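Asker: So you can see what is in the structure, the chains are spelled out below.
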Amino acid sequence: MALANVLQSESVDFSNYGRQRRGFASGLYETELGVESVGGDNLSFAVRTACADGDGPERKIEFLHGTTTLAFKFQHGVIVAVDSRATAGSYIASQTVKKVIEINPYLLGTMAGGAADCSFWERLLARQCRVYELRNKERISVAAASKLLANMVYQYKGMGLSMGTMVCGWDKTGPGLYYVDSEGNRVCGDLFAVGSGSMYAYGIVDSGLKQQNLTVEEACDLGRRAIYQATYRDAYSGGQVNLYHVHSQGWTRVSQSDVLMLHQQYQAEKAEKA
Amino acid sequence: MAMSYDRAITVFSPDGHLFQVEYAQEAVKKGSTAVGVRGKKIVVLGVEKKSIAKLQDDRTVRKICALDDNVFLAFAGLTADARVVVNRARVECQSHRLTVEDPVTVEYITRFISSIKQRYTQSNGRRPFGISSLIVGFDFDGTPHLYQTEPSGTYHAWKANAIGRSAKTVREFLEKHYKEEDMESDTEVIKLAIRALLEVVQSGGKNIELAIMKQDESMKVCLNLWYLYSKKIAAV
Numbered sequence: 001m002a003l004a005n006v007l008q009s010e011s012v013d014f015s016n017y018g019r020q021r022r023g024f025a026s027g028l029y030e031t032e033l034g035v036e037s038v039g040g041d042n043l044s045f046a047v048r049t050a051c052a053d054g055d056g057p058e059r060k061i062e063f064l065h066g067t068t069t070l071a072f073k074f075q076h077g078v079i080v081a082v083d084s085r086a087t088a089g090s091y092i093a094s095q096t097v098k099k100v101i102e103i104n105p106y107l108l109g110t111m112a113g114g115a116a117d118c119s120f121w122e123r124l125l126a127r128q129c130r131v132y133e134l135r136n137k138e139r140i141s142v143a144a145a146s147k148l149l150a151n152m153v154y155q156y157k158g159m160g161l162s163m164g165t166m167v168c169g170w171d172k173t174g175p176g177l178y179y180v181d182s183e184g185n186r187v188c189g190d191l192f193a194v195g196s197g198s199m200y201a202y203g204i205v206d207s208g209l210k211q212q213n214l215t216v217e218e219a220c221d222l223g224r225r226a227i228y229q230a231t232y233r234d235a236y237s238g239g240q241v242n243l244y245h246v247h248s249q250g251w252t253r254v255s256q257s258d259v260l261m262l263h264q265q266y267q268a269e270k271a272e273k274a
Numbered sequence: 275m276a277m278s279y280d281r282a283i284t285v286f287s288p289d290g291h292l293f294q295v296e297y298a299q300e301a302v303k304k305g306s307t308a309v310g311v312r313g314k315k316i317v318v319l320g321v322e323k324k325s326i327a328k329l330q331d332d333r334t335v336r337k338i339c340a341l342d343d344n345v346f347l348a349f350a351g352l353t354a355d356a357r358v359v360v361n362r363a364r365v366e367c368q369s370h371r372l373t374v375e376d377p378v379t380v381e382y383i384t385r386f387i388s389s390i391k392q393r394y395t396q397s398n399g400r401r402p403f404g405i406s407s408l409i410v411g412f413d414f415d416g417t418p419h420l421y422q423t424e425p426s427g428t429y430h431a432w433k434a435n436a437i438g439r440s441a442k443t444v445r446e447f448l449e450k451h452y453k454e455e456d457m458e459s460d461t462e463v464i465k466l467a468i469r470a471l472l473e474v475v476q477s478g479g480k481n482i483e484l485a486i487m488k489q490d491e492s493m494k495v496c497l498n499l500w501y502l503y504s505k506k507i508a509a510v
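Line by line, the protein sequences are chains U and X.
Heads up, the first sequence stops at 274 in this note's numbering, and the numbers go up one at a time, no gaps.
Heads up, the second sequence stops at 510 in this note's numbering, and the numbers go up one at a time, no gaps.
With the rest of the complex left out, here is chain U (with noise of 0.2 Å):
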């Protein structure tokens, strides 16, 4: 908080990889700390405005913003669907993240963005959650537990965290569903999809969830086969397709598929139709 105050809250670019520095309106400043570059390491600390997420790709720190996840609820519940690829730029970091947080055997959070922040914050509030639950002798609400999320990393606004979540639970008033974010955003909705291959996901989605009344079958269908999809197009999405269901009960882990696999399958059950 101090440091945003030094920076007059713009937020503070660490880049050590020695790129071609982007071109912003109001230019580049030494900070008052003064600190200059040094010649041979490449290393400077630059000061620029806040800007919104759009050039989430090129910021080295998050190489999660590259991804794929997917919740959306149904009849019977909600269905948490991500990728599991990491990049570096154009490097596959790796195939096989995790990107679904397991805050507690009730409510699940998936990682968009700089994958330390969203795992410390979602683990922050996994602590948080059962406090509250200890205090109150009562789980803690979807809403609750986003709130206390949002109201946590909005005291870091303007500072570099990146963190595109949604808190998935099963409470009281039934399936619940936020998306939550670094810029302070908060909504409660019934689909959401978040990172580079959302637009692919949202398609497959759009036009699945159009019949009413899915089983739990065919909702996890639709989650693993927009997934898919998306790492079909997206080169930043890729590895496996892990899928969640929350109920009443919890959240359950229903698979995890490799998407190669799964391209397989989809093939031959083309091959089958015509």
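If you're looking for bench data, these hints aren't it; they were derived computationally from the structure.
Worth double-checking, as some hints may not be accurate.
[Unchecked claim] Pair ranges (Cβ atoms, derived): (1) U:E133 with X:K324: 43 to 49 Å; (2) U:K157 with X:V365: 20 to 26 Å; (3) U:H76 with X:E375: 19 to 25 Å; (4) U:Q75 with X:N361: 55 to 61 Å.
Please read these numbers as outputs of a predicted model, since none were measured by experiment.
Yeah, the Cβ is synthetic: ideal placement off N, Cα and C, and Gly gets one too.
Using the hints provided, position chain X relative to the given structure of chain U.
Answerer: Using the frame of chain U, we list chain X on its own:
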């Protein structure tokens, strides 16, 4: 011996008493009586209204305060102390609505008030609050509650209780006349509260202020009940 241990609140006496807290409880015993009864679908608070000077506007003397739509509180003891506690509780009710998107439960706000009171029994240079309070209301799911807090910071749930002057007499009356089955009927609950207060209040119904809350309705304060309930009381 007692003298040297009651100067600072933070000091225990050799036999384990916090004298300031006990003196606060004495202050409570000087306050006007308040009684609370919890029925199945109704909660009732009654307070004795002290006689006021002729020129005083009695609408400004309120001993029953709403903390939120679903919770209200009556106190016995130092009115100024109560004002501070009630203010903080009201703010907390709204903060709770903001962060949790749900109204407070009666137990939550009671716990909050009690922890404020306890903090003042363990700080330097401060004295405890000289009030006991009866906190009454309905939770989100419709269950009624009645809690009593004390200057020491403890709280307990009750079916019916009284605080303030002659609280013991009133409580004995309540213990004698409280019947579980009667609590189903709203009028029986109100009657019990009024009769209990009439044990200790002088000159009948003019000095009673009653607050009634039914499930899913907001609190109604009834002043000068005499003409409303005189027939029922006469029957009793």
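Asker: Each hint: holds or not?
Answerer: Structure-based check of all given hints:
1. U:E133 with X:K324: 43 to 49 Å: The hinted range 43 to 49 Å holds for E133 (chain U) and K324 (chain X), with Cβ atoms some 44 Å apart.
2. U:K157 with X:V365: 20 to 26 Å: The hint (20 to 26 Å, Cβ to Cβ) holds, given that K157 (chain U) and V365 (chain X) are roughly 24 Å apart.
3. U:H76 with X:E375: 19 to 25 Å: Given a distance of about 24 Å, which is inside 19 to 25 Å, the answer is holds.
4. U:Q75 with X:N361: 55 to 61 Å: Violated: the Cβ-Cβ distance is about 46 Å, outside 55 to 61 Å.
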